[in-house]
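Asker: Here's the letter readout for the chains.
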Amino acid sequence: MAGLTGRMSTVVKAKVSKLLDRAEDPAETLDYSYQKQVEQLQNVKKGIADVVTAKKRLQMQETSLQQAVVKLDTQARQALSSGQEDLARTALERKNVAQTELQSLDTQVNELEGQQEKLTESEQKLRAKIEAFRTKKEVIKAQYSAAEAQVRISEAATGVGEQMADVGLAMQRAVDKTENMRARADAVSELESAGAFEDLTALGSGEDDIDRQLKGLSSQSEVDDELAKMKGEIGTGGGERAQLGSQSEGTSPGEGAPASGSGAGEAQQAPADSGQS
Amino acid sequence: MIIRISGEDQYRLSDADGERLNGLETAVSAAVESHDEHAFAEAYRVLLDHVRTSGERVGDDEIENSDVILPPADTTLAEAAGEFTGEGLIPD
Chain A
1 MAGLTGRMST VVKAKVSKLL DRAEDPAETL DYSYQKQVEQ LQNVKKGIAD VVTAKKRLQM
61 QETSLQQAVV KLDTQARQAL SSGQEDLART ALERKNVAQT ELQSLDTQVN ELEGQQEKLT
121 ESEQKLRAKI EAFRTKKEVI KAQYSAAEAQ VRISEAATGV GEQMADVGLA MQRAVDKTEN
181 MRARADAVSE LESAGAFEDL TALGSGEDDI DRQLKGLSSQ SEVDDELAKM KGEIGTGGGE
241 RAQLGSQSEG TSPGEGAPAS GSGAGEAQQA PADSGQS
Chain B
1 MIIRISGEDQ YRLSDADGER LNGLETAVSA AVESHDEHAF AEAYRVLLDH VRTSGERVGD
61 DEIENSDVIL PPADTTLAEA AGEFTGEGLI PD
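Just so you know, the protein sequences line up as chains A and B, in that order. First residue of the first sequence: 1, per our numbering; consecutive thereafter. First residue of the second sequence: 1, per our numbering; consecutive thereafter.
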């Protein structure tokens, strides 16, 4: 009977009984246990706040990636209009990477949302247990002899301790997941800040490291398809369409790119969403 | 007996319902041993459902120690490997 009947509860029981052994006066132990519980409840609240912060961070990253998608789409069109197909392909490769990352961020934000809800529920349960303990400790103090009280305190304290340990475990799982997400998101931010999504025009003739990395990350078949589609829309080399290239940066890419269009819409909503949580 | 599903709630099960857990755990252990992610997910879902449906939820204001603590519902096969050892949930 190794695992399940609870490594966790065993640890909690050991800790609690150590605490009880030390105390001479049950009443004092009760008050001390309660005080500890209230302190730990604060830690739980802090843990939830950390999850919220992680979620907001990912949401900000989503917004900036959404902007990058719009920008790269525009750049690809401009490049294609002025006959620079290589540059257009590079822009679309980067757009493809950004879009893939956006999808993954979206999943992660939803996951964190779920964890936040669960933790909040757990916090409420823990709060209820601590409240029950507070009531119980007064009853124990009033009704039992020292020896009897010791046993009952132990039961009650380990019961609350078990709940506490369970919330702790849930928080640990949430933190672990968040860490993994952060590592991924940071890797993409690094590419972003290294200019991968920005200085397209500064791109030399040779591939740089970032370019090679992005090429590896992007789906070439999707990029091919999009390039072909864009060519069809723009009509490569067409005199009238070539003017697109001279339009100012940040111009809406138009209806030809539904993904980036909706992306821009979400970007505007994002701050409002995070404000609610 | 009191069973806790980690991350959820505590449930009060009759002895008979509690003992049924050991039977359900056999399927979970078998899936863990054969590294079958799909079978594990299904068997563990069945086990948790048994606890949730046959048990009575312990009130938030009741303070009870659990006899058995089950890992969270989203436990992965890899995480479960250390928990389900095939010895049975409830010791003889």
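Hints should not be assumed to be uniformly reliable.
[Claimed, not checked] Far from chain A, by Cβ distances over 12 Å, these chain B residues were calculated: (1) Ser6; (2) Asp9; (3) Gln10; (4) Arg20; (5) Arg45; (6) Glu62.
[Said to hold, decoys possible] Partial list, derived from the structure: chain A residues whose beta carbon lies under 8 Å from chain B: (7) Lys125; (8) Phe133; (9) Arg134; (10) Glu138; (11) Val139; (12) Asp166; (13) Gly168; (14) Ala170; (15) Gly232.
Since the hints were made in silico from the structure, they are not lab data. Where is the CB? At the ideal position from N, CA and C, for every residue including glycine.
Asker: Taking each numbered hint in turn, which are not upheld by the structure, reported in ascending numerical order?
Answerer: 1, 2, 3, 6, 9, 10, 11, 13 and 15
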